[in-house]
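There are 2 protein chains.
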Amino acid sequence: MHARLSSLLCVVAVALTTVTAQPASAAAFSPPSQVIPGIPAVNPVTQPWIWPLPQNWERGSNTLKVSKHIRFEGRDARHPIVSKAIKRYQGLMFKKEDYPMIPYNWSTTDYKPSRSSLNTVVIDTKTADDHLDMDTDESYTLTVPVSGKAVLQAETVYGILHGLETLSQLVQYNPERRSYYIPNVPWKISDFPKYKHRGILLDTSRHYYTIQDIEKFIDTLSWNKLNVFHWHMIDSTSFPYVSKKYPQLSAKGAYSPRHVYTAKNIKHIVQYAKERGVRVIPEMEAPGHSTSWGYGIPEIASCLNTQPYFGYTVQPPAGQLNIAHPKTKEVVYDLIDEWAELFPDSFFHAAGDEVVMQCWSNDTYITDHLQKNNQTLMQLFEEFVLGMEDHVRQKDKTVMVWQEMLLEYHFSLPKDTVIQVWVGSEGVKEVTEKGYRTIVSAQDFWYLDLGFGRPRSNPYPEVQGAGFNHWNRVYSYDMRANLTKEEADLILGAEATMWGELADPNNIEDRLWPRAAAFAERLWSGYENPEGEALISSDAILRLLPWRERLVLRGVRAGPLNQGFCTRNPLDCFQPPNPDK
Amino acid sequence: MHARLSSLLCVVAVALTTVTAQPASAAAFSPPSQVIPGIPAVNPVTQPWIWPLPQNWERGSNTLKVSKHIRFEGRDARHPIVSKAIKRYQGLMFKKEDYPMIPYNWSTTDYKPSRSSLNTVVIDTKTADDHLDMDTDESYTLTVPVSGKAVLQAETVYGILHGLETLSQLVQYNPERRSYYIPNVPWKISDFPKYKHRGILLDTSRHYYTIQDIEKFIDTLSWNKLNVFHWHMIDSTSFPYVSKKYPQLSAKGAYSPRHVYTAKNIKHIVQYAKERGVRVIPEMEAPGHSTSWGYGIPEIASCLNTQPYFGYTVQPPAGQLNIAHPKTKEVVYDLIDEWAELFPDSFFHAAGDEVVMQCWSNDTYITDHLQKNNQTLMQLFEEFVLGMEDHVRQKDKTVMVWQEMLLEYHFSLPKDTVIQVWVGSEGVKEVTEKGYRTIVSAQDFWYLDLGFGRPRSNPYPEVQGAGFNHWNRVYSYDMRANLTKEEADLILGAEATMWGELADPNNIEDRLWPRAAAFAERLWSGYENPEGEALISSDAILRLLPWRERLVLRGVRAGPLNQGFCTRNPLDCFQPPNPDK
Numbered sequence: 001m002h003a004r005l006s007s008l009l010c011v012v013a014v015a016l017t018t019v020t021a022q023p024a025s026a027a028a029f030s031p032p033s034q035v036i037p038g039i040p041a042v043n044p045v046t047q048p049w050i051w052p053l054p055q056n057w058e059r060g061s062n063t064l065k066v067s068k069h070i071r072f073e074g075r076d077a078r079h080p081i082v083s084k085a086i087k088r089y090q091g092l093m094f095k096k097e098d099y100p101m102i103p104y105n106w107s108t109t110d111y112k113p114s115r116s117s118l119n120t121v122v123i124d125t126k127t128a129d130d131h132l133d134m135d136t137d138e139s140y141t142l143t144v145p146v147s148g149k150a151v152l153q154a155e156t157v158y159g160i161l162h163g164l165e166t167l168s169q170l171v172q173y174n175p176e177r178r179s180y181y182i183p184n185v186p187w188k189i190s191d192f193p194k195y196k197h198r199g200i201l202l203d204t205s206r207h208y209y210t211i212q213d214i215e216k217f218i219d220t221l222s223w224n225k226l227n228v229f230h231w232h233m234i235d236s237t238s239f240p241y242v243s244k245k246y247p248q249l250s251a252k253g254a255y256s257p258r259h260v261y262t263a264k265n266i267k268h269i270v271q272y273a274k275e276r277g278v279r280v281i282p283e284m285e286a287p288g289h290s291t292s293w294g295y296g297i298p299e300i301a302s303c304l305n306t307q308p309y310f311g312y313t314v315q316p317p318a319g320q321l322n323i324a325h326p327k328t329k330e331v332v333y334d335l336i337d338e339w340a341e342l343f344p345d346s347f348f349h350a351a352g353d354e355v356v357m358q359c360w361s362n363d364t365y366i367t368d369h370l371q372k373n374n375q376t377l378m379q380l381f382e383e384f385v386l387g388m389e390d391h392v393r394q395k396d397k398t399v400m401v402w403q404e405m406l407l408e409y410h411f412s413l414p415k416d417t418v419i420q421v422w423v424g425s426e427g428v429k430e431v432t433e434k435g436y437r438t439i440v441s442a443q444d445f446w447y448l449d450l451g452f453g454r455p456r457s458n459p460y461p462e463v464q465g466a467g468f469n470h471w472n473r474v475y476s477y478d479m480r481a482n483l484t485k486e487e488a489d490l491i492l493g494a495e496a497t498m499w500g501e502l503a504d505p506n507n508i509e510d511r512l513w514p515r516a517a518a519f520a521e522r523l524w525s526g527y528e529n530p531e532g533e534a535l536i537s538s539d540a541i542l543r544l545l546p547w548r549e550r551l552v553l554r555g556v557r558a559g560p561l562n563q564g565f566c567t568r569n570p571l572d573c574f575q576p577p578n579p580d581k
Numbered sequence: 001m002h003a004r005l006s007s008l009l010c011v012v013a014v015a016l017t018t019v020t021a022q023p024a025s026a027a028a029f030s031p032p033s034q035v036i037p038g039i040p041a042v043n044p045v046t047q048p049w050i051w052p053l054p055q056n057w058e059r060g061s062n063t064l065k066v067s068k069h070i071r072f073e074g075r076d077a078r079h080p081i082v083s084k085a086i087k088r089y090q091g092l093m094f095k096k097e098d099y100p101m102i103p104y105n106w107s108t109t110d111y112k113p114s115r116s117s118l119n120t121v122v123i124d125t126k127t128a129d130d131h132l133d134m135d136t137d138e139s140y141t142l143t144v145p146v147s148g149k150a151v152l153q154a155e156t157v158y159g160i161l162h163g164l165e166t167l168s169q170l171v172q173y174n175p176e177r178r179s180y181y182i183p184n185v186p187w188k189i190s191d192f193p194k195y196k197h198r199g200i201l202l203d204t205s206r207h208y209y210t211i212q213d214i215e216k217f218i219d220t221l222s223w224n225k226l227n228v229f230h231w232h233m234i235d236s237t238s239f240p241y242v243s244k245k246y247p248q249l250s251a252k253g254a255y256s257p258r259h260v261y262t263a264k265n266i267k268h269i270v271q272y273a274k275e276r277g278v279r280v281i282p283e284m285e286a287p288g289h290s291t292s293w294g295y296g297i298p299e300i301a302s303c304l305n306t307q308p309y310f311g312y313t314v315q316p317p318a319g320q321l322n323i324a325h326p327k328t329k330e331v332v333y334d335l336i337d338e339w340a341e342l343f344p345d346s347f348f349h350a351a352g353d354e355v356v357m358q359c360w361s362n363d364t365y366i367t368d369h370l371q372k373n374n375q376t377l378m379q380l381f382e383e384f385v386l387g388m389e390d391h392v393r394q395k396d397k398t399v400m401v402w403q404e405m406l407l408e409y410h411f412s413l414p415k416d417t418v419i420q421v422w423v424g425s426e427g428v429k430e431v432t433e434k435g436y437r438t439i440v441s442a443q444d445f446w447y448l449d450l451g452f453g454r455p456r457s458n459p460y461p462e463v464q465g466a467g468f469n470h471w472n473r474v475y476s477y478d479m480r481a482n483l484t485k486e487e488a489d490l491i492l493g494a495e496a497t498m499w500g501e502l503a504d505p506n507n508i509e510d511r512l513w514p515r516a517a518a519f520a521e522r523l524w525s526g527y528e529n530p531e532g533e534a535l536i537s538s539d540a541i542l543r544l545l546p547w548r549e550r551l552v553l554r555g556v557r558a559g560p561l562n563q564g565f566c567t568r569n570p571l572d573c574f575q576p577p578n579p580d581k
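Going down the list, the protein sequences come from chains A and B. Counted from 1, the first sequence has number 462 at position 462 by UniProt numbering; the numbering is strictly sequential. Counted from 1, the second sequence has number 342 at position 342 by UniProt numbering; the numbering is strictly sequential.
FYI, nobody ran anything at the bench for these hints, they're computed from the structure. Just to be clear, a hint being listed does not mean it is correct.
[What the hints assert, rightly or not] Which chain A residues stay away from chain B? Per the calculated CB distances, all over 12 Å, these:
1. Phe94
2. Asp135
3. Phe192
4. Pro308
5. Asp353
6. Asp416
7. Arg480
8. Leu483
9. Leu551
[Stated by the list, open to error] Okay, the calculated bits of chain A under chain B, using three or more residues with CB under 8 Å as the criterion:
10. 257 to 266
11. 559 to 570
The C-beta atom is built at its ideal place from N, Cα and C for all residues, glycine as well.
My request is simple: use the sequences and hints to build the entire structure.
The following block contains the structure:
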């Protein structure tokens, strides 16, 4: 046919474009004519199509059919969290695309699948305790034999959830045979995450997300084996939280009665997330970025929507908590009490970012207070912040704060404080060399909301690289760069961010996925496999392309990584030598 | 309440966040307490919420209710195109959002709407002829009196379509009264487009769009008063067109039997577009970017998927038409014949972009031909291209080509050729000073697909500014910069582009809208109003924010332009002085 036919790979690739001579009317999928049944297709994939890549995996060369009536056996399969997950995965495993863009037959090593089918998966956990926290064991092992039962074992139900996800990704749809199968049996997978804290920040204040939007967001986190939803619920722009004690905060500070989160909503979300192995960590944005509090309780706000806002805030509207007013502490502590109950997680984010001093130094209530108490503004600020954090600690919570608390204001933070780095990747070194634990959200790599121009009201600091972070840049970032072993051990994990200036339910999925998947793999799989070989993007792209297709099949509006041709024929696009590599 | 209450504007703004003390349960929308019924709210909008802005408009200060049973009168209302449009707009006019983000009461000048309602719109066109082409008159006048019938007059049905769109945008939903109204009656609008050719290029080869996707794309074009769908249907990556004479082209070159466009599909799309005032101009991508032709008819291709592809193509896969082979001309001319019939538009795009000489100079068929005929490669290339264009001209079509034909290869193009500028905005001067008409798609302002990193297989030239074009940059570009009056008169219009490397149905709407709306206003409204005053982005943003909200209400997944707070309280974000302005 043409010059490239000498390569068997190309046969596979071209085959998919030559399925029939009657394209428009053909309903059935004819086998690609160049593929001779019974003769294995070339399989150029050196890693399995599992995202994120498991730590340890072995595979064979047989093909196993999968019954659509697959059963999950064992007492542990009846654990409420597991049984619900099984129901979900019985749906997710059997999605199909009759004309897939992926070279699905890459993963077919044997065109004569076994006569028997996979009918049963045995579920086995060590404990029925379903407490979920940072130290929860998420490991699992999965074996899929050539015949007989598959076995999924884990310490906890959360390991089972990850194992079910992996199992679902092993199942491929074969459009020629119109059936589901697992290629490359037998499988032996033994897997665990490299980092404990793997999250995404979602900002529901700048734009509102419905409960359904948040559910879908959590679903997609869990499919990527991410385990933290950092809920940036409130900010200057709106106060959607319906407080029991202070209903006026949302009544006057939310965008509308529709744009709110009630206690019932929050409990639902927390439970929904838990059932998917996702912790929900609330961020109480304070004392900066707090305009919206002031509509409901004016006396606790300084520089409330001062106009022009320049110099009073990094973005409109201006407004910070009045840190001198006794009512402010009262409200903040009461809200911490409410959230401590609503959010069972042991982490609590006490914020502390992007404070603008001029807001306070132009507030006579505050300057009078300073004069009367012979205090500097920074002393008052530190007193307020440490008081707030202490109140959180009294609830038996670990305090997370943004990096400014330590690196810019140099407050005396207890050593158990977890510092979230965001301004730039160099902050990781600065925080860990001071001996603090860190969660990394380096703007120059893992802010996924940036790169869409500078909104006129949103003067981000012009950090080098603060533009759009391409998936390859996201994937390339090594948090451990320039760190000693001791410093690197202080990294608990990381969070990618989806701030809300230019994101809302209309575009969030394309903004997040598949880039956040690239991030997720770094957190789960790490930087090297157990043999010490680096995980590199040239291998990753061959798995990320089909993973994006699977996300789309599952209903996620993830944007494409490249031309459809490259999804179909990855080695024709991503073969070395590649100057962009 | 707080410092900003002195401003009446702020009352309106804050009012929207204070609708009720029982936010979660409240179903009804209580009137903002600070707004005293009967006293007009401050109306800071100096331009009406119509996008794109009409050329001439006058408005009054009364409020008119609109009946949901509004009737359209007159013989011309029964024209098939008009009557279908009326049905659509009877739906589009009455969308509602009970808790809108826009300061809807900005546009309410009188809290006592008229007792009478707008029940009737008289439709009146000069001609029933519905031929649609570049010179079709699209002007209209619309009057909405304080009471009685509204009148929509136009030369053609296409003017009526634009007038219906404008009318639909005048209709606002009032969530307090749960009713629809037109603010600021009486209205007198007399409107027409500044540029005749106002298009968007959609690339359905790199990624496939279903017929429904394309319909929704066309709907959104028409709502923005854009009138050209430049259909970049085929490219190297796939050949979705099902040719009557050469069915093997799509059978082997499409991604699959599902990823095709049949003659029936195309006729449907052309008719669908026509009914919305949108011309469909097909682009026959040739002789570059033509790999996909070679799977069905191998002898007409050079360097078919040569690997490694570097040096043979600007992006994978390599493959150009074999311009020496007699069969190539035959196939191209036959396809032109088929398309000339399927696409009635008088414009036909003959491409000619991004040819890589090495593909041909390494093809012995071509080098042998050159030797035998004592010809240079450039002579052969020019002969092929001019032959192809001449064949298009024989079909009574105006030939459009990409700028390389003129500016890079310096071919002897007839003066009636329309040159599409893309490499950079400086090309507009270069083309028009040679006396050619142009359609402007300057990459540095109006490519809407760029800015998402450099895909590894897609080495775009690193044009300065070829990143993400923010809406304000899109809006700021003046095509006439540095041109003489004569040169400027050669600008027929422009096209924004949505190339398909990183766009598909999952993300196209956020990528296009509302940025393409900013583009659309420049094309329709121009750069100055009839009084010669510049149309500037600080005014535009106040209209673009609610227009984006309306697009979302109509089902378009357009991303937000800024924080929700700024949609709600635009003057708190966009008041001068603004350093970003």
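Here is what the structure says about each hint:
1. Phe94: Its Cβ never comes within 12 Å of chain B, the nearest being 20 Å, so this holds.
2. Asp135: 35 Å, holds
3. Phe192: 31 Å, holds
4. Pro308: At about 6 Å from chain B, A/Pro308 fails to clear the 12 Å cut-off, so the statement is violated.
5. Asp353: The claim stands: A/Asp353 keeps its Cβ more than 12 Å from every Cβ of chain B (closest is about 16 Å).
6. Asp416: 34 Å, holds
7. Arg480: 24 Å, holds
8. Leu483: 27 Å, holds
9. Leu551: The claim is violated: A/Leu551 sits with its nearest Cβ about 9 Å from chain B, within 12 Å.
10. 257 to 266: holds (count 5)
11. 559 to 570: Contact hint for the stretch 559 to 570 of chain A vs chain B: holds, 10 residues under 8 Å.
Of the numbered hints given earlier, the model fails hints 4, 9; all others are met.
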